[in-house]
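**Student:** Sequence:
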Amino acid sequence: MCLNLAFRGGAYPPSEWLASVIGLAALALVVILSAPPVHVGRLQKVLLGLFAAQAVWTAASLFWATSLSNTWEETNRTLFYAVTIALVFAAVRWTGSKGMRVLTALVIGTVVIVGLVIVIRLSTMADPTRFFAHSRLQYPISYFNALAALLMIGFWLALGTASGIDGAWRAAGGESRRHVLLLAMQPLLLALSVFLFQLALLPQSRGAFWTFFLALPFFVIFSPNRFRALVHLAIVALPMALFWSTINDVYSSFNDRIPLETALGSAFRAMGYSVLIVAAAWAASWLVERVIGPLSRRLAVLIGVVLVVLAAGGVIGGLVYADVRSGGLDEYLSEQWTELTSDRGTGAAGDTRFTELALNGRVQQWKVAAQAFEDNPVLGVGAQNYEFYYYQHRVTLTDVKQPHSQPMQLLAELGLPGLLLWLAFFFVAVVRTAMLRFRSDDRMTKAVLAAGLTAVISWFIHSSADWLWQMAATSLPAMMLLGGLVGAGPAASPAKPSFASRRHLTRPVLAFLALAVIVSAALPYLSLRYSSLASGSPDLKTMTTRAQTAASIDPTATLPFVVRANAHWLAAVQAPEGSMERVAQFMQAAESWAAATEREPGGWLYHYKSAEMLLAARDASFAAGVSSSEELLNLARTYLDKARGLNPLAPQIAALEQGLQDDALD
1 MCLNLAFRGG AYPPSEWLAS VIGLAALALV VILSAPPVHV GRLQKVLLGL FAAQAVWTAA
61 SLFWATSLSN TWEETNRTLF YAVTIALVFA AVRWTGSKGM RVLTALVIGT VVIVGLVIVI
121 RLSTMADPTR FFAHSRLQYP ISYFNALAAL LMIGFWLALG TASGIDGAWR AAGGESRRHV
181 LLLAMQPLLL ALSVFLFQLA LLPQSRGAFW TFFLALPFFV IFSPNRFRAL VHLAIVALPM
241 ALFWSTINDV YSSFNDRIPL ETALGSAFRA MGYSVLIVAA AWAASWLVER VIGPLSRRLA
301 VLIGVVLVVL AAGGVIGGLV YADVRSGGLD EYLSEQWTEL TSDRGTGAAG DTRFTELALN
361 GRVQQWKVAA QAFEDNPVLG VGAQNYEFYY YQHRVTLTDV KQPHSQPMQL LAELGLPGLL
421 LWLAFFFVAV VRTAMLRFRS DDRMTKAVLA AGLTAVISWF IHSSADWLWQ MAATSLPAMM
481 LLGGLVGAGP AASPAKPSFA SRRHLTRPVL AFLALAVIVS AALPYLSLRY SSLASGSPDL
541 KTMTTRAQTA ASIDPTATLP FVVRANAHWL AAVQAPEGSM ERVAQFMQAA ESWAAATERE
601 PGGWLYHYKS AEMLLAARDA SFAAGVSSSE ELLNLARTYL DKARGLNPLA PQIAALEQGL
661 QDDALD
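The numbering used here numbers the first residue of the sequence shown as 1 and each following residue consecutively.
Note that these hints are calculated values from the structure, not bench results. This structure is a prediction, so every number in the text was calculated from the model and none was measured. Cβ coordinates follow ideal geometry from the N, Cα and C atoms, glycine included. Treat the hints with caution; some may be incorrect.
For each label pair, taking beta carbons as the anchor points, the in silico distance ranges come out as [as the list claims (entries may be wrong)]:
1. THR398 with VAL309: 30 to 36 Å
2. ASP619 with GLY645: 42 to 48 Å
3. ARG269 with ALA126: 51 to 57 Å
4. PRO13 with GLY645: 23 to 29 Å
5. LEU183 with PRO13: 54 to 60 Å
6. LEU649 with SER285: 57 to 63 Å
Given these sequences and hints, build the entire structure.
**Tutor:** Dropping the structure here:
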C-alpha cells in the first residue's frame, strides 16, 4: 500500500488514498470478527485512546467548520492513520518481539524499492528533466520535502538497525549459516543508509537536511552501542563528504547549462562508489575489532571522550575560522538571522539550497495560524479550514492551504484540545518506547526500537515545519512505526475471568466502528468517481446526470458543481457569438458556481467564478440584444463583494473589479 501511495504522487488528493482507507477498514473488520484477542496494557489503552480522541475531535469540528467538505476529508485522513496504527499495533502484539523487526524490515524495504525505482527511471528514460521542478527531484512523490522525508525514514531505520546486528551475530552461536547471513546484514544496512541519504539530497529539501542534525542526538542517545553507532555514522559520513559536490551538481546542472544526464550519471556512479567505500570501511573496522578484541568499557569511554574533545575543538576552530572569513561573526549571524526571519531567500542561483536559511513564507503562515488560535482558542476554525481564515487575514500573495506545520495547523484548526491530544499521543509513545529500549536485555530489540524512535522523531520534527501530514505516502510509514512502537513490549498479564465477557461486547463495538469508517470513506470516494465520470461525459445531459449523482452521494462535495460549471462554460465559448445559447450556457455555469457557494460559503473562488460567469453572461446578452444586463451586473457585484471579503488580496478579484471600473468609464 505504501508503494502504491508513493507512486500516486505521494497521495495528496483524497481520490488517491480514500480507496486505501476502505480497504484497510475492511481488513480491520475481518480482523475484528475472526482474529484472536489482543492483550492491551493500560498505557497502551491510553495511547490508542488519545489518537481515537483526536479522530473524534476532528470529526466533531464538522459542527463549526466553514467547509464541511474539507473537514470530512481531514476526518477520513485521520481515520486512515488511526486504522493503520490499530492494525499494526495488533500485529505487533500478536507476533511479539519479532513483530517490530518485521515491520522495520518492511518499511526499509519499501523505501529502498522507491529509491531503486528512482535510480532506474532516471537512468533509463530519454528525458529525466520531466521528473524535476525548479532543479529539484519530484518523483515519485510530487512534493520535494515529502520525498526527502520518506527517504530519511528509511535512512534512520537502516542505520539504527545496523548497530544491533552484532548482538544478534554473537547470539547465533555456532550456527555458521546464520553467522554469515547476519555478518552480511550489517554492511548491507550501512550501504542502504548511504544510498538513501545521498538520494535524499536530490530533492534539495532543507527541511530534511536540517532535521537530520536535530534527530542525530536522539540516534546517539537511543543506540544500544553508542560507540559503534558513531563508528557506523562515520563510515556513512565518509562517502557523503567525498561525493557531496558530485551529488549537488545535479541541482546546479540546471543553472550551469550542464546536461542533466551527465550530472545524474556522475551522481549515480558516486552512489555506487559510496556503497563500495562503506563496505570497505566496515570490513576494515570489523577486522580491527577482531584483532584487538572487544573494547573494554573504560577504553570505549576514553575514546568517546577523545572524540568529543576533537569535535568540540573542531567546532571552536570552525567558529574562529568563520569569524576571520566573515569579517565578524556577530554581523554574519545577524545577517543569517535576518534571512531566516525574512521569509525570503537571497534569490541567488547557487550550487545548493542547503545553505539558504529563509523559511519561504512560513513565518507569516504561522502568524496567521496563531491569530486563528487567538480568535478560536478552544474549538479552532475546523479541521482543514485554515486556508479560509488565511485568505482573509494574509498579508502576502502566497497561496497556501496549510500553515506548513502540523502543530500550528492543529492549533489553528482544532484549538488547544486538538494540539494537546496529538502532542500527548506522540510524546507519551516516545517516552514509553524509550523506557522499553533501556529496559530491554536483547541488543537487537534495543536497536530496532532505537531506530524506530529516531525515524518517527525525524518525521515529527520535519512535519512540525512542513505539511507532511497531508502526504499519505510519507506519513503512513510513520504511522505504521508509531503503531508498532505503541504495540512493542512484553505481553500483558493473563486475562481476568471477566475478560471474555468484555470481549463479546468489544468486538461488536469495534466492528461497528470499522463499518462506520468504510461508509465515511466510501461516500466521498464514490462522489469523486462520479465527478470524474461526469467530467469525461460525451454530452451535457450525461454530465448533468452524473454530477447530480455525485452531489447526492456526498452532501458536502463542491466538485460536482465545479464539473458542471466548467462543462457549461466550455459549451458557452463554443456557442455562436450573439446567440441565446451562449447566454444560457454562461448562466448555467454561473448557477453551478453559485450552488458551490451554498455548500462552501467560505470559498472565495466560487464567489469569484460566479461573478465572472455572470459578467460573461451579461456580455453575451449585450451581443444577443437582451436587456437583462443591469440585473446581471448587480448580481455579479454582489458575488464579487463577497469574494473580496473572503480574500482581500486576490489579484484575480482586483483585475475583475478594475475591468468593471473601466467599463463604467467607457
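**Student:** State for each hint whether it applies.
**Tutor:** Hint by hint, here is what the structure shows:
| no. | hint | verdict |
| --- | --- | --- |
| 1 | THR398 with VAL309: 30 to 36 Å | violated, 46 Å |
| 2 | ASP619 with GLY645: 42 to 48 Å | violated, 25 Å |
| 3 | ARG269 with ALA126: 51 to 57 Å | violated, 20 Å |
| 4 | PRO13 with GLY645: 23 to 29 Å | holds, 28 Å |
| 5 | LEU183 with PRO13: 54 to 60 Å | violated, 46 Å |
| 6 | LEU649 with SER285: 57 to 63 Å | holds, 58 Å |
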